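Novice: Sequence:
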Amino acid sequence: MAGYIFSLNDIQALKTLIQYGVYSTNLSHPKNNLWKIHHEGTFADYFSMKAGDNVYFFIERKIYGIGELVNIHFDCKFLNYPEADIPTIQDYKSIKNKLLLNQNEDSLQNRFVCTFKPGPFFFEMGIDMDDVLASNPKSFRMLRAFWKLSFIKIDDEENKALRDIILKRNEQYLNNTEGKSPFDSSLQKEIATKLTTKYTLSSNNVLLYSSHTDKIKHEMAVEAHIVDTISRNSKSIFDSWDYVSHQVIASPFKPIDYMDKMDVFGYRFIPGFDTISKYLLIEIKKDSATKDAIDQIMKYVDWINQEYTFGDYSMIHAFLVAYDFSNETIAYRNEICKRNYTKGRRPTIADVWENVRLIKYRYNPSTKTLDFEEV
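Note that numbering that gives the first Met the number 0 gives residue 359 to position 360 of the sequence shown, counting from 1, and the numbers run on in steps of one.
No lab work stands behind these hints: they were computed from the structure. Since we're looking at a predicted model, the values are computed, not measured. All the pointers check out, no bait thrown in.
Keeping only pairs whose Cα atoms sit at most 16 Å apart, straight-line, the calculated EDC-like set for lysine to aspartate or glutamate is: (1) K285 / E372; (2) K167 / E123; (3) K147 / D256; (4) K234 / D370; (5) K337 / D311; (6) K137 / D155.
Please work from the sequences and hints to get the whole structure.
Specialist: Below, the structure written as structure tokens:
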């Protein structure tokens with residue numbers, strides 16, 4: 000299972016969140032009735048949440064856990080109030096009773112919420128970040144790049160490594176009542192009484208407020224929509240994947256601001272097993288794709304091969320999504336997007352990988368979604 004690590008700066012807030020099992024990101028208000036890129040990125044983060052994913056909190060160098068996202072009524076993530084996904088500032092008095100988290104006027108900045116429970120327990124003792132990273136150095140990728148973000152998503156391998164160190168350090172508390180934080184489900188029950196389809200989190204309004212005719216202004220909005228589509232396991236041109244995330248590290252460790260990141264990354268398991276069989280890579284360009292985009296996606300393909308598939312290119316499914324592709328770019332894809340590789344040792348099997356698909360997008364105002372077509 001995946002995991003989410005939420006950053007906090009207040010110990011009392013940590014205790015309250017763990018006690019009631021409801022988290023909400025504090026977003027800056029939009030300006031000029033438009034979403035900014037960082038808003039759209041937060042949407043994308045929430046879209047990929049699903050019940051069973053683990054929850055952790057980071058505060059004052061320490062990580063606290065372990066929680067687990069849990070469905071209430073129909074999902075584990077919601078709008079905090081109807082039309083919270085529209086980039087306007089609503090009047091607090093008029094919608095006060097509709098907020099899931101109704102604290103004060105500042106609650107209008109809490110546009111999304113997610114719900115969780117202990118999984119199996121939230122322990123009172125946090126683990127220092129250095130101790131976490133030293134416990135299994137090869138497994139931690141995203142945690143090393145946790146910087147200037149409200150939260151990050153970690154994959155199954157990284158999540159297991161984090162669970163392991165927290166459980167090992169708190170083993171003495173597993174079978175007694177000490178060392179664990181209390182949990183009260185009353186707030187979740189109150190939220191459940193308010194929930195209707197108006198609180199459903201979707202990418203429709205993210206696209207609407209980033210659209211211009213049939214184009215999208217921000218690549219992050221396209222990114223958010225694709226993450227939303229795949230996370231719902233909808234039938235789409237990208238197929239379905241068990242894990243999907245965005246802005247995943249794709250370079251050796253270096254200053255965070257200079258790190259390369261894949262727009263969308265994912266993988267799927269062999270049905271019925273926890274063995275990964277295929278990896279997903281999607282690179283996005285809001286305008287026409289150039290030859291540079293082909294070079295970029297192949298750089299990421301080689302990174303996945305180096306870090307995840309260890310020489311087996313056949314496990315990688317890559318997509319380049321753009322508004323358009325010139326004949327020159329298509330010809331360059333046909334020339335460059337090939338890798339010769341071998342599988343096995345005795346006997347050795349030689350093969351050629353050519354799995355980069357070019358996908359055009361168009362915004363469809365009647366459905367508030369994107370239509371995709373393969374070139």
